[in-house]
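Protein chains: 2
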Amino acid sequence: MKETLEELKEYLEKIAKYNRVIILLNWDMETCTPKLGFDKQADAIGYFSAEAFRLSTSDKLEKLLEQLSEKEEYDSLDETWKFIVKRMKRDLDKDKRIPADFYESYVREQAVSGNAWREAKNKSDFSIFAPHLEKLIEMTKEKTGYTDPDKEVYDALLDQYEEGMNSEIIDGLFEELKKELIPLVQKIIQAKQPDDSKFKGYYDPDDQKKVQKLLLEYIGFSFDAGAVGETEHPFTTNFSSKDVRVTNHYYEQDAISAMFSAIHEGGHAIFEQHVKEEFDETVAGSCCYMGIHESQSRFYENILGRNKNFWVPVYDKVVSLLPQLQNISLDEFYREINHVRNSFIRCDADELTYCFHIILRYEMEKAIFRDHVPVEELPKLWNEKMQEYLQITPKNDAEGILQDMHWSDGSFGYFPSYLLGSIYDGMFLEKISEELGDIDTILKEGRIQEITKWLNENIHQYGSTRTPQEVIHEVCGKEVSAKPLIRYFKEKYEKLYELV
Amino acid sequence: MKETLEELKEYLEKIAKYNRVIILLNWDMETCTPKLGFDKQADAIGYFSAEAFRLSTSDKLEKLLEQLSEKEEYDSLDETWKFIVKRMKRDLDKDKRIPADFYESYVREQAVSGNAWREAKNKSDFSIFAPHLEKLIEMTKEKTGYTDPDKEVYDALLDQYEEGMNSEIIDGLFEELKKELIPLVQKIIQAKQPDDSKFKGYYDPDDQKKVQKLLLEYIGFSFDAGAVGETEHPFTTNFSSKDVRVTNHYYEQDAISAMFSAIHEGGHAIFEQHVKEEFDETVAGSCCYMGIHESQSRFYENILGRNKNFWVPVYDKVVSLLPQLQNISLDEFYREINHVRNSFIRCDADELTYCFHIILRYEMEKAIFRDHVPVEELPKLWNEKMQEYLQITPKNDAEGILQDMHWSDGSFGYFPSYLLGSIYDGMFLEKISEELGDIDTILKEGRIQEITKWLNENIHQYGSTRTPQEVIHEVCGKEVSAKPLIRYFKEKYEKLYELV
Numbered sequence: 001m002k003e004t005l006e007e008l009k010e011y012l013e014k015i016a017k018y019n020r021v022i023i024l025l026n027w028d029m030e031t032c033t034p035k036l037g038f039d040k041q042a043d044a045i046g047y048f049s050a051e052a053f054r055l056s057t058s059d060k061l062e063k064l065l066e067q068l069s070e071k072e073e074y075d076s077l078d079e080t081w082k083f084i085v086k087r088m089k090r091d092l093d094k095d096k097r098i099p100a101d102f103y104e105s106y107v108r109e110q111a112v113s114g115n116a117w118r119e120a121k122n123k124s125d126f127s128i129f130a131p132h133l134e135k136l137i138e139m140t141k142e143k144t145g146y147t148d149p150d151k152e153v154y155d156a157l158l159d160q161y162e163e164g165m166n167s168e169i170i171d172g173l174f175e176e177l178k179k180e181l182i183p184l185v186q187k188i189i190q191a192k193q194p195d196d197s198k199f200k201g202y203y204d205p206d207d208q209k210k211v212q213k214l215l216l217e218y219i220g221f222s223f224d225a226g227a228v229g230e231t232e233h234p235f236t237t238n239f240s241s242k243d244v245r246v247t248n249h250y251y252e253q254d255a256i257s258a259m260f261s262a263i264h265e266g267g268h269a270i271f272e273q274h275v276k277e278e279f280d281e282t283v284a285g286s287c288c289y290m291g292i293h294e295s296q297s298r299f300y301e302n303i304l305g306r307n308k309n310f311w312v313p314v315y316d317k318v319v320s321l322l323p324q325l326q327n328i329s330l331d332e333f334y335r336e337i338n339h340v341r342n343s344f345i346r347c348d349a350d351e352l353t354y355c356f357h358i359i360l361r362y363e364m365e366k367a368i369f370r371d372h373v374p375v376e377e378l379p380k381l382w383n384e385k386m387q388e389y390l391q392i393t394p395k396n397d398a399e400g401i402l403q404d405m406h407w408s409d410g411s412f413g414y415f416p417s418y419l420l421g422s423i424y425d426g427m428f429l430e431k432i433s434e435e436l437g438d439i440d441t442i443l444k445e446g447r448i449q450e451i452t453k454w455l456n457e458n459i460h461q462y463g464s465t466r467t468p469q470e471v472i473h474e475v476c477g478k479e480v481s482a483k484p485l486i487r488y489f490k491e492k493y494e495k496l497y498e499l500v
Numbered sequence: 001m002k003e004t005l006e007e008l009k010e011y012l013e014k015i016a017k018y019n020r021v022i023i024l025l026n027w028d029m030e031t032c033t034p035k036l037g038f039d040k041q042a043d044a045i046g047y048f049s050a051e052a053f054r055l056s057t058s059d060k061l062e063k064l065l066e067q068l069s070e071k072e073e074y075d076s077l078d079e080t081w082k083f084i085v086k087r088m089k090r091d092l093d094k095d096k097r098i099p100a101d102f103y104e105s106y107v108r109e110q111a112v113s114g115n116a117w118r119e120a121k122n123k124s125d126f127s128i129f130a131p132h133l134e135k136l137i138e139m140t141k142e143k144t145g146y147t148d149p150d151k152e153v154y155d156a157l158l159d160q161y162e163e164g165m166n167s168e169i170i171d172g173l174f175e176e177l178k179k180e181l182i183p184l185v186q187k188i189i190q191a192k193q194p195d196d197s198k199f200k201g202y203y204d205p206d207d208q209k210k211v212q213k214l215l216l217e218y219i220g221f222s223f224d225a226g227a228v229g230e231t232e233h234p235f236t237t238n239f240s241s242k243d244v245r246v247t248n249h250y251y252e253q254d255a256i257s258a259m260f261s262a263i264h265e266g267g268h269a270i271f272e273q274h275v276k277e278e279f280d281e282t283v284a285g286s287c288c289y290m291g292i293h294e295s296q297s298r299f300y301e302n303i304l305g306r307n308k309n310f311w312v313p314v315y316d317k318v319v320s321l322l323p324q325l326q327n328i329s330l331d332e333f334y335r336e337i338n339h340v341r342n343s344f345i346r347c348d349a350d351e352l353t354y355c356f357h358i359i360l361r362y363e364m365e366k367a368i369f370r371d372h373v374p375v376e377e378l379p380k381l382w383n384e385k386m387q388e389y390l391q392i393t394p395k396n397d398a399e400g401i402l403q404d405m406h407w408s409d410g411s412f413g414y415f416p417s418y419l420l421g422s423i424y425d426g427m428f429l430e431k432i433s434e435e436l437g438d439i440d441t442i443l444k445e446g447r448i449q450e451i452t453k454w455l456n457e458n459i460h461q462y463g464s465t466r467t468p469q470e471v472i473h474e475v476c477g478k479e480v481s482a483k484p485l486i487r488y489f490k491e492k493y494e495k496l497y498e499l500v
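Protein sequence lines, in the order shown, are assigned to chains A and U. The opening residue of the first sequence carries number 1 in our numbering; numbering runs sequentially from there. The opening residue of the second sequence carries number 1 in our numbering; numbering runs sequentially from there.
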């Protein structure tokens, strides 16, 4: 029995090495690989992905997991290994139903489709991407047919990114948000807007990198267990809790974008850096629930980062690194980072209208997988929904349906995670205020580490061992609800825009 | 037959993927991995190195190579594949005599020893490194015992880095250099030295990076097939001719160091970027002869980079990126980059006294492997030789025997390559001047690309398919000789220091 567990651990170490290599090849592809090196790097990603898939669905692993699942052996495991064995067995049972050759062609199509999407976006020509999108939709259906034969396709996808979620729950949450936020945004748009002309200027990317370092250290990112890179789109990736990497993109005309990307990715990274070390390189380590993950990045980005008091202890330092901000007071800065406007690009949206960007994508995905709307009709549907929620219509598909990369690698069902994250944040904020006191005061007094510590202890350390529902229940003691988020929005923006 | 070759090609593609991963893990370890991530990354390097070794010494590969070596099959191969089959068969015959478990412990000792060396250097305490150095020396002897049972150990090591070289040839070359250069340097040291006080200042590493980009582009480095990184020590690494990476280290008090490291590593990289594409990811691609490789990096660094005319087309641009140089004329800059002085650190030495740094290390290595001088006596021997050649004695071992990393990973026999490179450079310079005309004029007129093209065509494209001796014969039509280098030194420095 002991031996079987040891054998499993050894096997997992091997799998971890292949996973490390896949993560590293991808990281390098985004941060460093020169143009002419792409093809061979992509080949290697394909090869090692197939090897890792083979190892994760092998008869040997299956046998080990079966042995450890037998009652007597299972009962002798500690809680962590009980979780690992149960979770791996579930995943293996699903994954081994995927034919190996289908898996390989799926991985290849993800790469090919990603290239087509980039070209389509650059040329703002949806027709370049359309056949690949269609193929990926079909392959996604086929894939969930193997892994979740008893589930409706879109619910299977939602569950894949946020275990336990389905469209019935999400419909309820998002409808409530729509009901409350549409009138709120309408009022704001008609109210007096802050003057953003003072923010125009040139911000040296090297200076922005120094600000990023300052902000990451301020919120608690550990550079001993982390690194930074530069990419077209910011992201976070990790090998274990000991090596977590964030990237950023620096715009020469806009320093605010990279600041908030740094705080957002920093939130993801702090989460991963605080997962229990003993979970490293197992399915217990890292957090595989994207709603919970986004709740942490968005808590730092929005609940903390867009709070004026967050900046009180550091604003002077930021200004000293970015001299272009010298004539801008903290009050003006605070107004600008909460400037609500109807805009085309999700990533640049304020925290309030951001909700509509997600609801739109969620409804699009339902249209694709439930209503079987043909691919060629999707741009029109997108634009209609933009008009409905934000009263604007994209000039072209690059600022419309082609803006995000998610669908190009088959990540259907991911988008709702962002808004679920914010919904959870409303609940976490309530709880933190209850337990630690008023967060305005905590932030103003430079005690942000107390909040990070609370999040570490209550959420981060558990990695994947608690499902989203378990996290919410353990932390908040209630069912998930959009009400706290709505209350937070109303209080903040009614005051900010002097609506009452 | 055709099938066998196809099978070999397929097998090589697989080996190439493992080699890619090893190169990438090492690159990432140096450029990016955070401190707490080292251990797991090192484990992965060990694992994939063992896998690659297993693939490169497998019975399957042996059988394929044997089949292709049979007369009829061999004769039907083109020249490239003849070379590949012959070279791989030779390497496999050597490598498969290394016991797999010995190889694994050797790779592990390299890593462990590297860490011990770093600590020893930081604390300037040779005793921390000594037991590892001793172990590596023993393991190196054991390893060459397997690979080259019929060769004397040190000659086997020299041959490993520069095929065809042995200590008899090197003794002859280095003795001639000593005879001519010792009196030359003596005269220079007593002559009037340039004033370097104007160079003191703060040079922002971000500015230095911009200068590096300018210089790399100027000499012909392709960013489409290359990338740059930042590390403790500069180096070049490559996956293929399509992805070649250089690193640099930026000193805040000294901009010249990073400029010349950029040009040096750029020389290595330009070499690799111009190896014939069809050789990629085979033993024909890349250049495995370190003397020839160093000849190219040092040609750019010294023969071109330390020539005043190299700077004529770009000096103004460099100054505009490094405002601290504004008060320094090109003449003053030229004097400083050729400032001869007896100093402790090889990497910071001028091109002339650099020769003694190498001769010293070569003699140390002979003392280790020929005279069996015990490890604990090596620091004393080092210091005596420093006194003999440079009339200075290191204050501590950090600026003495511990300064270089080479021995810490078992690279015994590498050092002579640097000076062999310079010796070849003297010969190449003669030939280029004959064929293209006076290089002062070429450089001054901004036609450096003509020199790069000449090197591409005459040297780079052949990768590993021509041995060092073949390169010298094909390019220069004569035996290797130190005379052209000596002539270059004398002409340049007698003029520079007004010795005649």
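These are computed hints drawn from the structure, not numbers from a lab. A couple of the hints might just be wrong.
Treat identical chains as interchangeable: a pair holds within one or across any two.
Claimed, not checked - Mimicking BS3-like on lysine-lysine, the simulated pairs with C-alpha atoms at most 30 angstroms apart in a straight line are:
no., residue 1, residue 2
1, K40, K63
2, K385, K431
3, K35, K9
4, K35, K317
5, K431, K453
6, K492, K478
Report the numbers of all earlier hints that the structure fails to satisfy, in ascending order. 2
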